[in-house]
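Since each chain comes alone in its own frame, lean on the hints to assemble the complex.
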Amino acid sequence: MWAITEISSNTIIIMSNIIDLKKGLDIPISGEAALEAKGTVVPDIVAVKPTDFKGFTPRLLVKEGDRVLAGSPVLADKRNPDIILTSPVSGTVQEVVRGDKRKLLAILVKTDTVSEAVDFGSGIPSDAEGVKALLLRSGLWPSIVQRPYGTIADPASTPKSIFISTFSTAPLSADTEFVFKDDIEAIQDAVTSLAKIAKVVVCVKEGGKLFAKLENAKVFTIRGKKHPAGNVGVQISHIDPIKKGETVWTVSPVALAAFGRLLRTGKLSLARKVAVTGPAAIAPAYVEALPGTPVKAFKAFYDNTTEELRFVGGDVLTGENLGEEGFLGFFDNQLTLLREGRERELLGWAKPFRFNQFSTSKAYFSWLLPKKKYKMDTNTHGGVRAFVCSDVYGKVLPMDIFPVYLIKACLAGDIDKMEQFGIYEVLPEDLALCEFVDPSKNDIQAIISDGIDLMIKEMA
Amino acid sequence: MEEKTVKPGLFEKGGRLGWLHSTWDAFDTFLRVPSTVTSKGAHVRDSLDIKRVMILVVIALVPAALFGMWNVGYQHHLAVGDLPGFWNQFLWGLVKVLPLYIVSYLVGLGIEFTSAQIKGEEVNEGYLVTGFLIPLIVPVDVPLWMLAIAVAFAVIFGKEVFGGTGMNFLNPALLSRAFLFFSYPSQMSGSMVWIKPRIGADAITGATPLSYMGDGMQALSDNGFTFWNMFAGTIPGSVGETSVIAILLGACILLWTGVASWKVMVSSVAGALLVGWIGNLCGATDIPAYYQLVMGGFAFGTVFMATDPVTSAQTETGKWIYGFLVGALCVTVRLFNPGYAEGMMLAILLMNTFAPLIDHCVTSSATKRRAKKVSLV
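Protein chains in written order, with this note's numbering: chain A, 8 to 467; chain B, 417 to 793.
Because the hints were derived from the structure by calculation, they are not lab data.
Note that this is a predicted model, so its numbers are computed, not measured.
Treat the hints with care, as some may be off.
Claimed, not checked - With a straight-line Cα cutoff of 25 Å, these simulated DSS-like cross-link-like pairs (lysine-lysine) come out:
(1) A:K30 / B:K784
(2) A:K250 / A:K167
(3) A:K415 / B:K784
Claimed, not checked - Covered stretches of chain A (chain B as the covering partner; in silico rule of three or more C-beta atoms under 8 Å from a C-beta of chain B):
(4) 47-60
(5) 80-94
(6) 159-165
(7) 244-254
(8) 319-328
(9) 441-451
Beta carbons are placed, not taken as given, at the ideal position from N, Cα and C, and that holds for glycine.
Here chain B stands alone, though its shape is the one from the complex (with noise of 0.2 Å):
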C-alpha cells in the first residue's frame, strides 16, 4: 500500500528552507493575516494586533519625517544664501535623509531577523518604530558607518539581550543616540553639525536654540529665534524635532487611538513647565517656561519617546510620576548644564532606568491598600 506523507513546505519547520522559518512568517503574515484560531481561553480575540500598534505609531512620525526632510534642505540652502523652491528643498532633504532610513533599516532589521531566527521565534515588529525614530533624532550629517554601529549597539544590547521588544527596559532608539553622543561627541554636538554644508561655502552657523540657553533671552532673540519659529519648526536640529506642529500632529494619532498615554504627555509638559517656571524665579535663566516646550528634543521626545509602553511605568499612578521627572528633569539638565543643554535624551533614559522602581512603589502601596480593605458583609 502506498503510503501519503506530508512533506513540510519549503520553508516549514523540516523543509528545505526551514531555517529561514521565522524570516519567511515574517513576510507571510506581513502581507496576510495568519490563519491560527485560539486554542485555549477566550475563544474570539479582538482584531487589534501589534503590528496595527506599531505601524500606528510610523504614521504618526510621517509628518515630523517629512517635514525634517523638508527643514534639512530648507536650513541648507538658507544657510548657503541660496533659496530654491519647495520641492528641491524637500528633495535635497529627501535625498540626505534617505540613507539614514536605509542604514537604520537594513542593520537594525537584519539583526531583529537573525535573532528572531536564532531564537526560532517570529519577528517582533518593535523595530518598525525604532527604526523609523533612529533618524530622526540624530544630526542629518552623522557618518553612515557610525549610524550602523549605533544601530546595532542599541538593538543587540538594548533589546534583543533582553529578550526582544516588550522585554528592554531603555528605548532602543533613544539609546542609539546616546552611544553617538557618548561615543563620537564631536559628531553630536556643538553648533557645526546640524546643517550640511557646502564643501567651500562660507561658515555657516547652524547652533540650535539650545546652544543660546546659558546665554539668555537676548542671545536667543539675537540670533533669531522667536516662539514661533521654534514653534513652526524652521530651525536648525534633528531631522524630526524641530517642528512642534509635525509634533502635535502625531500627538493627536497617539492620542486618539490611545497608542500613547495622554497621562505621561500631560505630565511630563507639567514637569518642565513647573522647572522652568522655578528656574524664572530664582534667576537661573530669563527664557519664560513656556519656551522649554517647543526648544530641542522636547516635543519630540515627550510625544514618542517617553510614551513608549514597553519602557515607561507600566501604572496609571507610575505613569503621572515617570512623565513629570521627565518633563522636570529635562529641564534642569537645560538650566544648569549649558555646556550639553539637551537634557532630554538623558532625562528619558534615566527615567526608563527608574520606571521599574516607580512602579514597584506604586503596586507595594496598592498591595497594602489592598491588606486594608474591608469587608462590607
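Next up, chain A with everything else stripped away, as it sits in the complex (with noise of 0.2 Å):
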C-alpha cells in the first residue's frame, strides 16, 4: 500500500506505511498463557523497584512506617528530582530493601485491604508543558524511555519522535490485542497527549485490528511476525533512524494503557493483564496484577517442590532472572518459568538426534519438527568461546548493523568503531535473538550493556 502523506509547496513525498521485516527468528519453546484472564492477583506487599530503570539514582522520599496512596512519591531521582517513582497502591512502607554497598533495591509496602489513590485530576491537559507535568507528578514519567541508550528520558528535551510498538513478538510475550482490548480508548488519550510533545508513531502488527485506528499519530503497518519485528528499536531503524545527537523517545503499551487510564479518570492505576507462561508454568494464563507484585504470588502456577525453577520478569530473551523471593518488574506484563538446566547430557554434542533439543541451525535435526514446542531450559549447552561463525548472527537480525562488529567494539571499549557500528540504534534488547543463537555462548547482551554504560559515561 502506498499512500500519499504530505503534501508540501508543490512537492508530493510518497512513502510506504509498511515495512516488510523478513529476519528473525521464532523460538518455540512452550508454556503459552492461554487467552483467558484467571482473576486478580493480590498481593500483601508490592515492591518499588529504582532498578527497574535506567539511569534513575534513588533518594529516599519516605521512612519505614509511612502512609502511601497510589500515587504518593516514594523515590526521587538525584540528578533531576522532579523525576519520581510513586507507589502503585495505598499502604504503610514496610521496608526499604538495601544490597551490596548499601545500593537502594526496593521499597516494600504493605498494601491496603482497600487501595486509595491520589487525585491528579482527569482531562487531557492542553499542552506539552501539562503533559510532561502530569507525567513527571504521576510518576509515570520514568516509564519513557529515550534512545539512544534506554535511559529515563530527559524531561527538558524534545526527542525527533516517540515511538510506540503495540505488539510483542518475543516468545510467549503477551498478546497485547487480548490484554489492552478494554484500555483502547484510554491508550487513544494518552497517544494524543503524547503527541503534543512530538510526532507520534504507533507501529501495529499486520492484520492487527486493536490498534490500526489509533489516531494524532503515524501508523505504521510491520509485516513479518517472526522476533524482533515487534521490537521498538528494529521498527525505529527502519522508520526514524538515528544519528549522533537525535533522540527518540519510546513508550510501551502497558505504560501507555497506565497513563490512558491517569487521563480518564484523575488516578494512577498500573494494573496490567500478566502473561504467566513458560515450559514450568502449571496452566499457563493471564492474572491481572500490579507491578511490583512478588512472584510467591503467583504459587497457581508452580511447583518447585522437585526441581529448580527459575522466575523471569519478562520474556525468556531479555527478562530479568527474578527468583521466587523477587518481584515483578515495573514494565513486566509477563512471567516466564524456567527449569534450570543443571543436570549433564551423556555425549550431548556428539549424539547424532537430539529431538528434545532445539537447534535453529541444521546442525541438529529440529527442522524436521518444525511446529513442535520445546520444553527448553537454562542450559547454555556449551562452554564460551571466542566468536567463529560470522552469518549466523545476520539472519536474526532485521537492522543494516554488523552484529559481531559492533559486539567486539563494544568489547574493546572502541568509541569510534562503536559510533561506526551503530550503538546509537540498538539496546542489549535488540540483540537478544544474536545471544541465543550464538554457538560460541556468549552473553552478548551484557557486553552491548556495557558498551551503551561507556558511551553514557564518555559522552556525557
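Structure (C-alpha cells):
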C-alpha cells in the first residue's frame, strides 16, 4: 500500500507505511498463556524497584512506617528531582531493601485492603508542558525510555519522535490485542497527549485490528511476524533511524494504558494483565497484577518442590531473573517459568539426534519438526568460546548493522567503532536473538550493555 | 562446633591436580554437556555449540580422508606395477596416513592443551578440524619430524599468539603446509613426492596434473590425465585433495548444515572459471577453464579452507569478493607460474591476509549508507 502522506509546497512525498521485515526467529518454547484471565493477584506487599529504570539514582522520599497512597512519591532521582517514582498502591512503607554497598534495591509497601489513590485531576492537558508535568507528578515519567542508550527520558528535551510498538513478538509474550482490548480508549487519550510533545509513531502488526485505528499518530504496519519485528528498536531503525545527537522516546503499551487511565480517571492505576508463561508453568494463562507483585503471589502457577525453577520477569530473551523471593518489574506484563538446566547430558553435542533440543542450525534435526514446541531450560549447551561463526547473527537481526563488529567494538571499548557500527540504534534487547543463536555462548546483551554504559560515561 | 569446609575437587582450582584443570575440563565436557546455566541475558540458548560445529567439519572431511587413504595405496601399487585387492590398497594407505594423523594430533593438541592450561581457559575445539586437515594436504611421504615442526609452527604462530581459535587471521592448516613448502622445498614439490616409492623399485613418475600446467592439454592427456579421472581422484596428489567426488560429498554436508558459506564456494568457482576462460581467450593455456576446478588443490581448498569462518571475510558482501579473489588468484598463479603451479595454498593465505581489508571496505560503505538513511516520518 502506498499513500500520499504529505503535500507541501508543490512537493509530493510518497512514502510506504508498510515495513517489511524478513529476518528473525520465533523460538519454539512451550507454555503459551491461554487467552483467558484467571482473576486478580492481590498481594500483601508490593515493591517499588528503582533498578527497573536505567539512569535512575534513587533518593528516598519516605521512611519505614510512612503511609502512602497509590500515586504518592516514594523515590526521586538524585540528578533530576522532578523525576519521581510513586507507589502503585496505598499502604504503609514496610521496609527499605538495600543490597551491596547499601545500594537501594526496593521499597516494600504493605498494601491496604481498600486502595486509595492520589487525585491528579482528569482530562487531557492542553499543552506539552502540561503533559510532561502530569507524567512527572504521577510517577509515570520514568516509563518513557529515551534512545540512544535506553535511559529515562530527559524532561527538558524534545525528541524527534515518540515510538510505540503495539505488539510484541518476543517468545510467549502477552497478546496485546487481548490484554488491551478494554484499554484502547485510554490508550488513544495517551497517544493524543503525547502527540503534544512530539510526533507519535505507532507500529502495528499486519492483520492487527485493535491499534490500527489510533489517531493523532502516524501508523506503520510491520509486515513480518518473526521476532524481533515487534521490537521498537528495530522499527525505529527502519522508520526514523537515530543518528548522533538525535533522540527518540519510546513508550510501552503497558505504560501507555496506565497513562490513559490516569487521564480518564485522574488516578494512578498500574494494574495490567500479566501472562504467566513458560515450560514450567502450570496451566499458563493471564492474571491481573500490579508491578512489584511478589513472585510468590503466583504460587498457583508453579511447583518447585521437586525441581529448581527460574522465575523470569518478562520474556526468556530479555527478562530479569527475579528469583522466587523477587518482585515483578515495572514494565513486566509477563512472567516466564523455566527449569534450571543443571543436569549433564551424556555426549550431548556428539549425538546425531537430540529431538528434545531446539536449534536453528541444521547441525541438529529440529528442522524436521517445525511445529514442535520445546520444554527449554536454562542450560547454555556449551562452553564460552571466541566468535567463530560469522553469518548466524545477521540472520536473526533485521537491522542494517553488523552485529559481531558492534559486539567486538563494545568489547574493545572503542567509542569511534561503536558509533560507526550503530551503537546509537540498539539496546541490548535488540541483539537478544544473536545471543540466543550464538554457538560461542557469549553474553552478548551484557557486552552491549557495558558498551552503552561506556558511551554514557564518555559522551556525558 | 565442627566446621564443614567443602574441599575443592581433585581437578578444581585449589585441588591437588588443579593445575590440570583445563585438561580435565576438556575431557569432561567432551563426554558430558557442562552443567552451566545462563547467568546474564537470554535465559535459554540454542543447542548448537562450537564442538558440534567443529565435529561437523570433521565428518565432512571423512569421505576425502577415506578416499585419500585408498588412493595412496592404489597409486603406490599402480606405480610398482602390482595391484592387490581393494582392501589391501586401502590398508596400505591407512598405514601410511595414520602416522601423519597421530603426529598431527599429538603435537597440535599438546600445544592447544598446554596453552589453555597456561591461560587457565577452556580448550578450544578448533584443532579438531585443523588436525584432521593437515594430513590431507601434505605429501604422504613427508618425514614425520618435519610435519611435527610444521604443526607446532602453525599452531603457535598461526593461532595461539593471537589468542587461539577465533582470533587467528591465517588458516592454521594452510600455514603448516606453507611452512613445509618454504622450509623443505625438496620434500614438498617436484614429481617424486606424491607417491610412496618402494626402495629399489624402478623409477616412478608420480607427477600431479599441475606439473603439466605449462605444457598444456596435450601433455596432460599424454600422461593419462582426463577430466574424469581427475574428477574421480585416481591420480597422484596430496592425500585428501584428489577426489572431487569425495570433496563434493563433504561440501554437501557443510552447505546443508550451514557451517561453511556457500557464497565463498560459489564465488571461488566463479573466479577460477573466469580467469581460466580469460587464459583460454588470450592463449595463455589451452586447458579448458573447467579443468581448473578438478586439478590440484582447488576443490579441496575452496570447500574446506577458503570457507574457514574465522579467516575468511566476515561480512556477507565481503565473502563474495573474498571467494572470487581466491579462485581468480589460484588460477592466475597456475597460468603464469608453471614452476610452482599449485596456486591454491598461496591464494587462500593471501586472501586471509586481505579479508580484514575487504571487510573494512564493506563495513565502511555500510556506515556511509546508514548515515544517508532518511526518516519516513
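Given pair status - K167 of chain A, K250 of chain A, alpha carbons within 25 Å: holds (11 Å)
Verdict on chain B covering the region 159-165 of chain A, criterion of 3 CB contacts below 8 Å: Coverage by chain B is violated here, the residue count being 0 at a Cβ distance below 8 Å.
Coverage criterion applied to the region 244-254 of chain A (partner chain B; beta-carbon cut 8 Å; 3 residues): Satisfied; 5 residues make the cut.
Satisfaction of hint between K784 of chain B and K415 of chain A, Cα-Cα up to 25 Å: holds (20 Å)
Per-stretch coverage check for the region 319-328 of chain A, three Cβ contacts closer than 8 Å to chain B: As far as the region 319-328 of chain A goes, the hint holds, because 6 residues have Cβ atoms under 8 Å from chain B.
K30 of chain A paired with K784 of chain B [C-alpha distance capped at 25 Å]: Measuring from Cα to Cα gives roughly 22 Å; hence the hint holds.
Within 8 Å of chain B (C-beta), three or more residues of the region 47-60 of chain A: Not satisfied, violated; 0 residues make the cut.
Coverage claim, chain B over the region 441-451 of chain A, checked by counting residues with Cβ within 8 Å (three needed): holds (count 9)
Coverage of the region 80-94 of chain A by chain B, judged on three or more residues with CB within 8 Å: violated (count 0)
Hint check: violations occur at hints 4, 5 and 6; the rest are consistent with the structure.
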